[in-house]
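Protein chains in written order, with full-length UniProt numbering: chain A, 1 to 407; chain B, 1 to 407.
For the record, the hints were derived by calculation from the structure and aren't laboratory data.
Listed below are the simulated EDC-like cross-link pairs for lysine to aspartate or glutamate, each with C-alpha atoms no more than 16 angstroms apart in a straight line: (1) B/Lys314 to B/Asp290; (2) B/Lys124 to A/Asp87; (3) B/Lys123 to A/Asp87; (4) B/Lys209 to B/Glu172; (5) A/Lys43 to A/Asp23; (6) B/Lys295 to B/Asp388; (7) B/Lys337 to A/Glu37; (8) B/Lys60 to B/Glu251; (9) B/Lys124 to A/Asp83; (10) A/Lys395 to A/Glu298; (11) A/Lys337 to B/Glu37; (12) A/Lys297 to A/Asp388; (13) A/Lys123 to B/Asp83; (14) B/Lys123 to A/Asp83; (15) A/Lys124 to B/Asp87; (16) B/Lys314 to B/Glu286.
There are 2 protein chains.
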Amino acid sequence: MAVYLDCNATTPVAPSVVQKITDALNDEWGNPSSSYELGVKSKKSIEEARRHIAMMIGGKPEDVIFTSGGTEVNNIVIFGIVDYYKDWVNSQSSVEGINEKPHVITTNVEHDAVIQPIKHLEKKGVIDVSIVPVSRRGCVVPQDVLSQVRHTTCLITVMLANNETGVIMPVEEIGREVNSQRKKEKLIRILFHTDAAQGIGKIKVDADKLKVDYLTIVGHKFYGPRIGCLYAHGLGHETPVYPLLHGGGQEQAYRPGTENTPMIVGLGEAARLVCENLSTYSRHMETVRDYLEEKLKEAFGEGHVTFNCSKDVKRLPNTCNVSLAGEGLVGHVVLSKCSCIMASIGAACHAQNKPSGRILLASGVPHNRAVNAIRLSVGRETTTDDIDIAIEDLKQSVTTLSCNKSS
Amino acid sequence: MAVYLDCNATTPVAPSVVQKITDALNDEWGNPSSSYELGVKSKKSIEEARRHIAMMIGGKPEDVIFTSGGTEVNNIVIFGIVDYYKDWVNSQSSVEGINEKPHVITTNVEHDAVIQPIKHLEKKGVIDVSIVPVSRRGCVVPQDVLSQVRHTTCLITVMLANNETGVIMPVEEIGREVNSQRKKEKLIRILFHTDAAQGIGKIKVDADKLKVDYLTIVGHKFYGPRIGCLYAHGLGHETPVYPLLHGGGQEQAYRPGTENTPMIVGLGEAARLVCENLSTYSRHMETVRDYLEEKLKEAFGEGHVTFNCSKDVKRLPNTCNVSLAGEGLVGHVVLSKCSCIMASIGAACHAQNKPSGRILLASGVPHNRAVNAIRLSVGRETTTDDIDIAIEDLKQSVTTLSCNKSS
Chain A
1 MAVYLDCNAT TPVAPSVVQK ITDALNDEWG NPSSSYELGV KSKKSIEEAR RHIAMMIGGK
61 PEDVIFTSGG TEVNNIVIFG IVDYYKDWVN SQSSVEGINE KPHVITTNVE HDAVIQPIKH
121 LEKKGVIDVS IVPVSRRGCV VPQDVLSQVR HTTCLITVML ANNETGVIMP VEEIGREVNS
181 QRKKEKLIRI LFHTDAAQGI GKIKVDADKL KVDYLTIVGH KFYGPRIGCL YAHGLGHETP
241 VYPLLHGGGQ EQAYRPGTEN TPMIVGLGEA ARLVCENLST YSRHMETVRD YLEEKLKEAF
301 GEGHVTFNCS KDVKRLPNTC NVSLAGEGLV GHVVLSKCSC IMASIGAACH AQNKPSGRIL
361 LASGVPHNRA VNAIRLSVGR ETTTDDIDIA IEDLKQSVTT LSCNKSS
Chain B
1 MAVYLDCNAT TPVAPSVVQK ITDALNDEWG NPSSSYELGV KSKKSIEEAR RHIAMMIGGK
61 PEDVIFTSGG TEVNNIVIFG IVDYYKDWVN SQSSVEGINE KPHVITTNVE HDAVIQPIKH
121 LEKKGVIDVS IVPVSRRGCV VPQDVLSQVR HTTCLITVML ANNETGVIMP VEEIGREVNS
181 QRKKEKLIRI LFHTDAAQGI GKIKVDADKL KVDYLTIVGH KFYGPRIGCL YAHGLGHETP
241 VYPLLHGGGQ EQAYRPGTEN TPMIVGLGEA ARLVCENLST YSRHMETVRD YLEEKLKEAF
301 GEGHVTFNCS KDVKRLPNTC NVSLAGEGLV GHVVLSKCSC IMASIGAACH AQNKPSGRIL
361 LASGVPHNRA VNAIRLSVGR ETTTDDIDIA IEDLKQSVTT LSCNKSS
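Construct the complete structure from the given sequences, taking the supplied hints into account.
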């Protein structure tokens, strides 16, 4: 009896998404740039998917570009600022900024798909970076971000919700402030990006309300396939996008390469499901997650269970980051002794089972609790029966480990 | 009754490939970096696919990196040389080359996915480029390529087979020469790349025999899904690869982003089919293509049909590029009056139905014949019955156009 509690790593693919992909593989394999019916039909399906994505985030279809995934989107946005800054300097009559580097602001709890491209450019010496630490509640403080703004700041990137703790960041507040900063003349327009990978499908994401210029969408976090989208508010006219890849003219030449029609229509269907059912999904996940947390306290005793997300911050409805007290109860060891639970201790992207602890430590979790942390992230189909099984599984694991230790 | 003759634009997806993808969407959606069974299973399937890809091109699995497609592979290779050259200059004790740019050699009939990234870097002023014209037979002459080599040359990129004419390029001969040039000391190692998109699944492609450092593999040209692979001979130790994207550690950190397991296993299955059946596929396509060319001559008269690929060069077994003589018989117009044939006049990537004529003109085809050109590319399932229907369709189109003209 397996219980999947790792929806923040990846979700299953919704049955109707699988169906859409399979149908497209069979019937919509024509090259979308071809002028005959088979191609035209594929193109139409892609545009329908684009409309669903746009609807899901309250944007315009023409502002949505399909990519291979979230990593690519974040790289497009971050690498783009080097050219963006150069173009701005060249457009200025004064020489101010000409010998300076573009400046980027981000937080210390971002995903590697944001941190690594930033570090790469910093190491190459082409950008300056300010990394804003989150508060001890795991949440970034808008004023801490905004106080870092310089006259060379051209990008602020703050995740919508953290993948490990589930903390929802004050992106809307930062967006509002960035927007008002823009009123100042003669400065470069600060571009504001959020990686919304963990938000979409769990909480309402409205790009307009968030006042972001760029937003990253990742299919496999909301029951879609492993591709993604870049949303850019007023793409090309209000918000510049500098393509990372060069080739054919697909995706308005912002992202060339023959379109992956089956994956795109699958992503569109996943977006359609979110548009129709978000509040149901969200409520369900919250109920199950809250049940999980209650049962954890019951099973191990309140004093032995600590949740690594402050009560004072908004958090995702599906994420429970928990540490069981006890010297041998290291997160990945506890999980390895479970026979039913499939879960992880954090982002899966790196080496298997090697926790960096980076996010939790940055979020104010003390070291001994951070090493014991387990991330349990529920999904649309997780039931309270699943949770009961998971609790028994955890109890058995903890008993085994405690026996081993005392023997 | 539709007849698909556009396999160089994209192929259908093989039924067993569709099945593999669908199965993976249902059963192998776990994050391949996760340590529980669902993840481990996905990871295993990815490695199996990698072995099939390697076997198909006579390479090692560890030299294969999955990407989102051919455009991405070509961009990785081409963008990589900027850092490659910089690293080489930094490693030299002398200052030679320090104020020079890396030099790239390519041909004038490459696909946009090669030409555009090269043009982009040239326009930015970071590379020097030599574009070698092909001969009037549409084939590049090895000596013409090699005579362009300078002391700053760090990349030669020549396609394996042309998408429009079907001409197979002397990649092996160039590879041999490049290899012998490398014996000269103190020079930067020239990296040799071939975009094998149009070769794989049609002719035997052996990376070792071709003596290439990099090879581009594109799934949707051989009945696979719309992703691709970079093959790099001795990846990381013999041949440097500079990742274009930065993020998690997937694909040995050369290509981060959660692996698209379903597409990857589909690509592996497509490779397996090629490994098992290449000679059958190839013979079949050649038979059908030759039948098509005979029937074209019969239908329109030898004097009114010209094939835009010289008899003196090796060519793909599936491609027929033909011009019908007659003032009104412009390629895309003839196709638009066909009711059965799905085909195109060249690469689909650009604007629909707007022929650049670039490739044909570069290949020595005179202008009046180039505008009348139609590319008919057959596939594994194309039958001689299909060809009979296509010929009738073309005849009817030509009659309609001739009547319109005389009326």
